[in-house]
Structure formats: structure tokens, C-alpha cells
Amino acid sequence: MPEVEPLSSMGGEGRLELRQIGVSFGGVAAVRDVSLVFRPHVITGLVGPNGAGKTTLLNAISGFASVERGTIELDRSELTKLPAAQRAHYGVVRGFQTVRLLEGETAFDNILVGCERASQPNIFAQLFNLPAQRRSWRRDRGAAAEIAERLGISSVAHRPVAELPFATRRLVELARILVVRPKVLLLDEPAAGLNAHGRRQLTETLQAYHAVSPFTMIVIEHDVDLVRRMCSECVALAQGSVIATGDPGHVLDDPEVRRAYFGDQVHHA
Amino acid sequence: MGFGIFIVITALLPFVIGQYYLYVVTQVMIYAIATLGLDVLYGRTGQLSLAHASFFGIGAYVAALSNTFGVPVVLQPVLVLGLAVIVGALVAIPTLRLSGLRLALVTLLFGELFVWLIDHASNLTGGSQGMTVQPLTLGPFDSSEPLDGYALAAIASLLATVMCVQLGKTQYGRRMLAVRDSELASASVGIPIVRTKIAAFILSAILAGAAGWIYAYVVGFVSPTTFDLFGSVNFLVAVILGGSGRVLGAWCGALYIVLVPEVFSSIGYPNLFPIVGGAVMIVVAMTIPRGLVGSLEKLGETLWAVRGRRGRAGG
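The listed protein sequences correspond, in order, to chains R and Y.
The opening residue of the first sequence carries number 15 in my numbering; numbering runs sequentially from there.
The opening residue of the second sequence carries number 372 in my numbering; numbering runs sequentially from there.
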């Protein structure tokens with residue numbers, strides 16, 4: 015279990031390797047024979063048409079879909095058979111396409127939930143407020159306040175999340191993930207449902223955080239401009255298989271990728 | 372500061388009110404401990420249980436039977452604790468697969484089993500007739516003295532309250548809220564969902580067991596009707612009416628389930644309580660789903676916000 019302070023300096027390597035991953039639902043292959051290496055601290059965009067298997071691949075990495083074949087390794091630890099909650103302790107953490115929060119609680123309490131991945135005292139120390147618990151409570155509150163500040167949501171931290179606009183809720187979910195620095199962050203269309211301003215704000219916030227406290231990141235995104243701006247690597251999927259990898263500019267202009275995305279008629283704008 | 376006020380009021384109360392009312396307050400304190408327990412399980416963790424009165428009963432029958440078996444006073448709390456942990460964990464096992472109403476049904480089964488056991492072990496427990504409980508004596512302490520029983524309940528309820536307030540500031544407390552609100556989000560941040568539910572069951576069983584143990588000594592009589600389905604529903608009413616997930620709510624709920632039947636008895640219509648209580652519950656569920664304390668909090672927030680806005684507009 016991780017045990018370093020402060021929480022924002024946790025994390026570390028974050029080299030994720032997938033070997034011949036296969037996932038299928040009721041006999042239908044959603045992801046087939048995918049082998050990929052995600053290098054530490056690199057932001058990779060995952061693109062492809064609907065039904066290409068992007069979300070399934072993310073679920074397989076985070077433990078929300080069980081892998082039929084192949085292996086998943088993080089910095090030489092094998093994660094393939096671990097349940098999602100245990101993978102989170104290894105530092106593989108995901109966001110949800112539809113933000114999932116504790117609706118009745120405040121933004122600040124939602125962020126605190128993310129401190130689960132930091133070491134905590136035993137239940138007796140917690141219930142009887144022993145010194146170890148007091149220390150970790152101070153540390154967790156500090157870390158939550160810090161991440162709220164860095165993501166620009168301090169002013170709404172005391173408000174119940176149910177009252178907050180969608181863009182802010184997205185940031186609260188991100189803060190819950192980032193309060194203890196992850197090794198691998200998985201995001202499923204983080205900009206979906208945001209307007210142009212919200213998208214820019216989100217990518218800038220993420221990039222600023224990543225620049226100071228880097229981690230490996232895989233992000234599914236349909237917004238091609240956002241992928242070009244934010245990602246330094248790109249992986250294109252179609253029908254469950256990898257069809258192109260490399261520099262985003264390269265991958266997004268690849269004729270096969272364009273065919274998979276837009277069908278046969280390619281119109282150049 | 373809240374605890375300071377609690378201690379001062381508790382210390383002064385015996386000088387202000389008579390013995391009968393002191394006895395009623397003692398009951399409120401005992402029921403508050405048990406209600407805090409169900410609040411941990413249902414209010415915070417979202418696990419619906421219809422067996423809470425059985426855990427209350429386990430504590431009560433430990434007290435009642437200790438005299439029969441000659442269990443020393445100091446061993447009894449250990450026995451209550453051990454039984455609560457074991458039985459709490461056993462009843463928690465179905466949560467591995469069930470939730471919501473289906474879980475409630477399984478816990479209901481356990482509750483019925485408990486009452487059946489008490490009824491059928493009548494040579495020990497007196498069956499449905501109940502049995503008298505010999506008072507707890509330790510040095511000058513005698514639980515059948517109103518002031519002594521009051522002191523015991525006051526100290527225990529203060530401890531339980533402090534612990535539940537503290538729970539809100541801990542990883543376990545956060546896990547419970549997360550499991551209640553979204554199991555998917557819980558798993559994604561690394562929360563062990565099953566372990567959290569089992570911990571909630573055990574903690575709630577411990578609080579209920581402790582309350583039951585004190586109840587038996589203070590009241591001096593136990594019978595299975597106190598610990599049946601109606602008793603369990605009563606605790607649930609207390610949690611929901613007071614405001615689930617809130618320590619103060621559990622106290623308000625306990626106040627309600629002790630005082631209101633008392634009022635109906637004093638005007639000579641004790642049977643009215645279940646009917647009126649049911650109607651009150653429907654009104655509460657429909658109009659203030661957050662319960663009394665939750666709604667007052669919301670009202671306070673709104674007033675505060677309005678005041679803030681006026682202040683800014685004026686300045």
C-alpha cells in the first residue's frame with residue numbers, strides 16, 4: 015500500500031502494458047488481441063468510431079470488465095485478475111462518462127472519498143480519534159483543499175454536488191481522483207456535455223495539473239482538436255482492434271482511421 | 372461545544388425534573404444509542420435492516436440471562452460485544468448478494484427467528500410472558516435506582532454520540548456514504564464494498580446490543596414483543612423521521628419513538644400510537660424525505676444564502 019506524503023507527490027512510474035487483450039460479451043468480441051504499451055507520464059488519446067471497443071478497453075484496464083485473454087501489467091505487477099477496487103490501490107483510477115458522485119454530500123466530502131487510496135489508520139484509531147487518525151484527517155483535509163484550489167473549485171467546495179452545474183461536477187470527480195495522485199488515469203469522454211469554454215477550461219486545468227504532477231493518462235475523446243492539443247500519443251481502434259498508433263497528427267490523418275471514422279467517402283474540409 | 376451543552380444539561384436534569392420524567396429521559400437515551408446504530412447501517416450505508424430490534428434484544432437477554440448463568444458484571448459487556456460482532460457479521464453475509472428490499476426480507480427472517488427462539492426457550496426466557504431482570508449492582512451502583520440507571524444511560528449515549536460524530540470524519544465513515552450513494556464510484560476509488568457493509572452491520576449491532584443491555588437493567592423486565600418486527604420498524608421510523616445519516620436526527624427519532632407512545636398512554640389510548648405513528652410516517656416520507664434535522668439544515672442553508680445575497684446587494 016502506498017504510504018508517502020504529501021498525497022499529490024504519490025504516483026511514480028506508471029508504465030502500463032497490455033498483452034493480447036481479448037474481451038467479449040456473450041460470444042461477441044468487443045476487444046480482440048490488443049497489445050499496447052503506455053509509457054510513463056504520457057497522455058494518450060484513444061479514438062475510433064462508436065462500437066470500436068474504446069470504453070470496453072478502458073473498462074478492462076480499470077477492472078470493470080473481465081478480460082478473457084491476455085495480461086495487463088503496471089510497472090511489472092500483474093493486474094489482470096484483480097477487482098477494480100484493488101487496481102485503484104495500485105494507482106489505476108478511472109472517471110465515468112456520466113459523472114458519478116455522492117449526490118447528497120458536499121463537493122469537499124466527495125473529494126475526501128478519493129483519499130481512500132492513501133494509507134489510513136486502523137478502525138479503532140479512526141473511531142477513537144487516536145493521534146494517527148488526527149494526523150491523517152489533517153493530511154486528507156489539506157490534500158482535498160489543495161486539489162480543490164488547483165482545479166478552481168474551492169468556492170463551491172462546501173455546496174452539495176447535486177446543486178452544481180455539470181462542468182463543475184466533472185471537476186469534482188476529477189478532484190476525487192487527483193486528490194491522491196494516480197499512476198494511470200483513465201478518462202471516458204471527459205469533455206462530453208461541455209461547451210467550448212468548458213472544454214478549454216477542462217483541458218487547461220488537466221494539463222496544468224499534469225505538468226506539475228505527471229501521471230500516465232489514457233483519454234477517450236471524439237473531439238479531434240482536443241486530442242491534438244492534449245495528447246502526445248494516439249491509438250485508433252476499429253471493431254475491437256488497434257488500427258493505428260503514434261503521433262496524434264499522424265494517426266488522425268491516417269487514411270484507414272479516416273475510413274473507419276467517416277465511412278468510405280472522405281471529405282477534406 | 373455541542374458535547375459541553377449535552378454534559379451540562381445531563382448533569383442538571385436530575386435536579387430539575389421528577390423521577391418519572393428522569394426515567395423517560397433515560398429511555399430516550401437508551402433508544403438514541405440503538406437508533407444511532409441503525410443510522411450507521413441504514414442512514415449512512417444504505418442497508419435496509421428489519422432486524423435491528425433483534426440486536427437490541429440480544430443485549431437485553433444477555434443482561435436477563437446473566438443472573439441465571441451467574442455471568443459476572445465485568446464479563447457481560449464483553450459478551451454483548453462478542454455476540455454483536457458474530458451475529459452482526461452473520462446477518463451481513465446476505466449483503467454479498469442482496470440489497471434493498473430483498474436484503475430487508477432476509478433480515479426480517481433473522482428477526483423472526485430471534486423471537487421464535489426466545490418464545491421456544493421458555494424454560495430459560497419465560498417465553499412470550501417475558502422475565503424479570505435482576506438489577507445490576509456494582510459497589511454503590513444499583514441499576515434499579517432511577518438516578519443510577521440515568522447516569523449509565525447518559526454516559527453510554529454520550530460515548531455512542533461522540534463515536535458517531537467521529538465516524539463522519541473517518542475513512543470508514545466516508546466509505547459508508549460512498550457505498551450508499553454509488554457502488555460503481557466506490558469501486559473506482561478503491562473502496563472494499565463488502566467489507567464496508569459488514570463493518571456497518573457489526574457497528575450497528577454493537578450499538579444496538581449495548582443499548583439493549585442497558586435497557587434490560589433499567590426497565591427490569593424483558594419480553595419478546597419489544598424485540599419483534601414492530602420494534603425494528605420503530606427504529607427505522609426513528610432514523611427516517613429524525614433525518615437519516617445525521618447524529619442529531621437519531622436523537623430526534625429516539626425522542627419521538629419514546630415520547631409519543633408515552634403521551635398516548637397518558638391520555639388513555641395507548642393503541643392509537645401505531646395508527647397515528649403510521650400516518651405521521653407517511654406524511655414525513657412524502658413531505659420531508661430528509662427528516663426533521665435534514666429539513667432544518669436545508670432551511671438554515673437557504674436563509675443563510677438569502678441573507679448573504681441581501682448583504683451583497685445592499686453593500
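None of these hints come from the bench; they were simulated from the model.
Be aware that a few hints might be false.
If we take Cβ atoms under 7 Å as the criterion, some of the chain Y residues that face chain R in the derived model are [said to hold, decoys possible]: (1) Ser493; (2) Gly497; (3) Gly539; (4) Leu548; (5) Leu555; (6) Ala556.
A virtual CB, placed ideally from N, CA and C, is assigned to each residue, including glycine.
Hint by hint, here is what the structure shows:
1. Ser493: 39 Å, violated
2. Gly497: This hint is violated: Y/Gly497 lies away from chain R, its Cβ roughly 36 Å from the closest one there, beyond 7 Å.
3. Gly539: It is violated, given that the least Cβ distance between Y/Gly539 and chain R is near 9 Å, above 7 Å.
4. Leu548: 6 Å, holds
5. Leu555: 6 Å, holds
6. Ala556: With a closest approach of 4 Å, the Y/Ala556 hint holds.
This entry does not satisfy hints 1, 2, 3, going by the numbered hints stated previously.
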